[in-house]
Amino acid sequence: MELSSVAIEGVGLCGDSTRVGDRAFRSLVQLTLDILLKKKSDDCLANDEDIISVDNASLKQGYAGLVSLILEAVKMDSDLSTISSMLEDCKWATDRIEYFFKCFQDCKPEMEALLSRFDLFAVLLLKLTPEIRCLDSLPLRDYRKRSCGKLSYLFCIYIYIRTGSSFPHIVDVDWRLDYYIKNNQMEKVNKPMYLITLKTEESGKPQGKDVQFSCSMEQLQDLVGKLKDACKSIERAAVN
Amino acid sequence: MLLILSEEQKEHLRFLISLEIDVILEFARISLDFILKGSSNLKILQAAAQKLGVDINIVKNGISGLQHVFTESSRLMIGEIDFQDSVMTLGFSKEVISALLQLYLENRKEVRNILLEMTLAIPHYHELEWRFDVELASRSLRHQTNPVIIMKLHTKEGEKNTADILQTDPVNLIHLTTELENAMQEMKTAYCRRIVRNIK
Amino acid sequence: MEEVDNIIIHTFKQIGCDIPEEVSSLKEFTTALIVSATSKCLRMIKEDLQIPSVLPASMSSRFRLGTTLATACREVGYRGEIGYQTFLYSNEAEIRKLFMFLVENLPKESSESASEPLGSSVMLNRRISSELSKRLSRPWTPSFLKKNNIGWTGGRPQTWHREGARSVRRFCTCTLRIPEGLGDLTRKIPKDVKAYYNNSMPFITSQPHCYQDIAPSVLEENSEYLAQKRERLEKKIKQHLQSELQRTNVNAAKNIDLSDVVSSLSDSFSQGAAPSKGSRFTRTEQLQFAQTTEQISSQKSKNAEQEEIYKVKKRSVDLLPDAQNNISKLQSVVDSSAQRLVILAQQWESHRVPLIDQYRELKQLNANRVVVEYETMRKDVNRSAYTSRILEIVGNIEKQREEIKKILIDTKAVQKEINQLSGKLDRTFSVTDELIFRDARKDESCRKAYKYLASLHQNCKDLISSVEETGLILREIRDLEDQIEMESQKNTATNLERITADYKQIKDENNALTKKLKAATK
Chain Z
571 MELSSVAIEG VGLCGDSTRV GDRAFRSLVQ LTLDILLKKK SDDCLANDED IISVDNASLK
631 QGYAGLVSLI LEAVKMDSDL STISSMLEDC KWATDRIEYF FKCFQDCKPE MEALLSRFDL
691 FAVLLLKLTP EIRCLDSLPL RDYRKRSCGK LSYLFCIYIY IRTGSSFPHI VDVDWRLDYY
751 IKNNQMEKVN KPMYLITLKT EESGKPQGKD VQFSCSMEQL QDLVGKLKDA CKSIERAAVN
Chain V
96 MLLILSEEQK EHLRFLISLE IDVILEFARI SLDFILKGSS NLKILQAAAQ KLGVDINIVK
156 NGISGLQHVF TESSRLMIGE IDFQDSVMTL GFSKEVISAL LQLYLENRKE VRNILLEMTL
216 AIPHYHELEW RFDVELASRS LRHQTNPVII MKLHTKEGEK NTADILQTDP VNLIHLTTEL
276 ENAMQEMKTA YCRRIVRNIK
Chain L
-11 MEEVDNIIIH TFKQIGCDIP EEVSSLKEFT TALIVSATSK CLRMIKEDLQ IPSVLPASMS
49 SRFRLGTTLA TACREVGYRG EIGYQTFLYS NEAEIRKLFM FLVENLPKES SESASEPLGS
109 SVMLNRRISS ELSKRLSRPW TPSFLKKNNI GWTGGRPQTW HREGARSVRR FCTCTLRIPE
169 GLGDLTRKIP KDVKAYYNNS MPFITSQPHC YQDIAPSVLE ENSEYLAQKR ERLEKKIKQH
229 LQSELQRTNV NAAKNIDLSD VVSSLSDSFS QGAAPSKGSR FTRTEQLQFA QTTEQISSQK
289 SKNAEQEEIY KVKKRSVDLL PDAQNNISKL QSVVDSSAQR LVILAQQWES HRVPLIDQYR
349 ELKQLNANRV VVEYETMRKD VNRSAYTSRI LEIVGNIEKQ REEIKKILID TKAVQKEINQ
409 LSGKLDRTFS VTDELIFRDA RKDESCRKAY KYLASLHQNC KDLISSVEET GLILREIRDL
469 EDQIEMESQK NTATNLERIT ADYKQIKDEN NALTKKLKAA TK
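Protein chains in written order, with the working numbering: chain Z, 571 to 810; chain V, 96 to 295; chain L, -11 to 510.
In case anyone wonders, no lab produced these hints; they're calculated from the structure.
Derived lysine-lysine pairs resembling BS3-like cross-links, with alpha carbons at most 25 Å apart: (1) K779(Z) - K255(V); (2) K412(L) - K400(L); (3) K134(L) - K779(Z); (4) K135(L) - K609(Z); (5) K796(Z) - K247(V); (6) K204(V) - K251(V); (7) K492(L) - K506(L).
So the derived list for chain Z, only partly shown, Cβ under 8 Å to chain L, looks like this: (8) Q631; (9) L641; (10) A683; (11) G774; (12) A807.
Think of the CB as a built atom: it goes at the ideal place given N, C-alpha and C, for glycine as much as any other residue.
Turn these sequences into a full structure, and let the hints guide you.
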């Protein structure tokens, strides 16, 4: 883990007990985490009675350093010893380091969840349908042509660069069963007909578009079969 | 229920009666071909007209008349006897009638499928492809394990094919699967079966 | 017993006990080894049993350690007889019994996971499968019930699962402004800038337009800085390397000690290889170090140059009188120095080659070690070998039982025969006795014969009884021998010696303590 020199300086300010007193330090760490997690707004920093003792400019740089430290540590998944050696380099006292770790550990999963929502470059691990053992940058539409039905459980790792945000994410499904009797072109159709709506979510939109399609009994069987294949492969991957 | 034809159509078909049985059957085959494949090839018609020494329009009319007979009877699901009776009124010989009946029965299902496709306005399920990825790192988080199932849903709307790329996570995938399976099972319940029985 | 010992030692090695190679049976276990193995096992079985695995020097603490080990074993469920003496004055059988119990109670998984160092791909696979099984065990909930599409599982620490895309954002960044230089008191900040910092500049988290952009902006700011720094550093290193290379070439020509050149070269190479890792402090230190070495060597070369010049001048002054002669001499000197140059180049080469060889060798060695590790890992298959061995042993025991049965039947048959014969003897004796007794009244010789018969019978009886007695005694002797063996196995004598020695030591310690106490009270 590495921080910019300005951030290092800021972190150093936080550790300096002549600049930031013990009580101010504690409030600052707690508030910083809360603000990053959107539990509080940064007006609190200006209004906190402990922090008021800190010089405004130092507070701003120290706060910026702390924010960088926390975000970078979560991003790199740094272990405590790495962070600790960095903080020692910044001349933090042991009790401050310990207090910081306590608060940091409590919030780390939430911080990770927060950072997981940014979606751009991604290194992906693929679990593929058969024959393709090595694909460099095969477009999605070519998969089917090269593969057939059943799954092999080969892992294939490659770097996959996704541009733009994620695809619409299915979160629920609605279905309706009709009995199709006749239409203007035809008498006595007499077939069950399903109308299926996949509800999706899209990044940055309050409401994703619905994917709607109809299918006959046979088509639904085909669809369910393929979905079951996928479920089974995931279940098997979970057992391995 | 008998097939009801207009006088004009009867007139068109009358031309065929005079022909030999093989020629009639060839005409019937051509007309079914046109229904199933959807295009009328002028060359074939011209060749037929030359061979028979008649105007091309007469041949064309004859073919479209036969097409009408096949599509109408398929649309109405006309039974064997009704079909025979309907064609008999046009004046075809017995052999021709039985051969036409044979052709009709053979192709009825496909003709109906084509008719069905023509009527559907909503996109229709065609195929589903899927693959399973695990997101391991991203620009903002270098260490994560986020399983993602990416699906490509192909739908057909008439001639138009569309493909949606969608993604989901394991829990939602299982929910989706069980929900759709429930939908499938619904058709086998007593209630649905009773309705199906009563409608027939 | 050998097999059992092998299994026990193998297991101990697997859980990380440091057992010397030459130890092949429990008989050879020293007290220290026993104590360390037991405490390791106990730790594996129950994590909170943290008993020191190193034998202390003082006798009383040894005794205490033995007692704690014994109570811990009993706590874990060992039913046999156990006390401090089991560890400190061990005998083979007891220790074997204890170790068998401990090995059986070792948690299965931990012994496996300890035996194989996990590769990163295995770890990745495990991570994925554990994540998947966590996901699959979650019930489905509608998306609007999940804040930010995140589902949580487990107690503390919780794990998060992303189940939707509503909250996913693009990685949008904006420039951030941060006050600079407040940590450095010596640096003067202009008043207006300071006023800007104090009054107008917003907090870093208030600067992006929306909350979502805070994290990306901060991270990007940092990584941009790092990228710039890396670029600068790479440039510096490149320059440095180039100058170093040139200089070393010059040095080589000026016949400065070749090993120096090689080492400085390797120095500069190691500096070239290092910057991808290590903190910024080590980097600056390295750079400084390189600079000082550079200075030193440049000074050296200057010195050498000047010395050379001085020598040449002195020589030429010396040689002036006999110019003709000396010129030819000089010619030869020049020739020889040219030759020396060639030799030096060879020498350089000869220094370089072993270094490269060494590098290759090390690489090879590394590869070999990996192979060896791999092979040792494979030895885990021992389990099946052991089971087959056990089956073999069971088969052997079966065979032995059959033989014992046969022998029993034989003995029974012999017993039967003996009984039959003795019965026959009794009967024949009584018959002959009667017959001869009847005739004895009439015939003198018969009377004699009767007497002889009686004495013969008596003597035979005595003989038989003494034979029986010998048998009995033999059996007793065998029993006693067994007992002796058992006792000697407990090596009481040596243990007794040790105990007395230890007792003395304790006494000494006590004495010392009382002395100290006395001194203290005085």
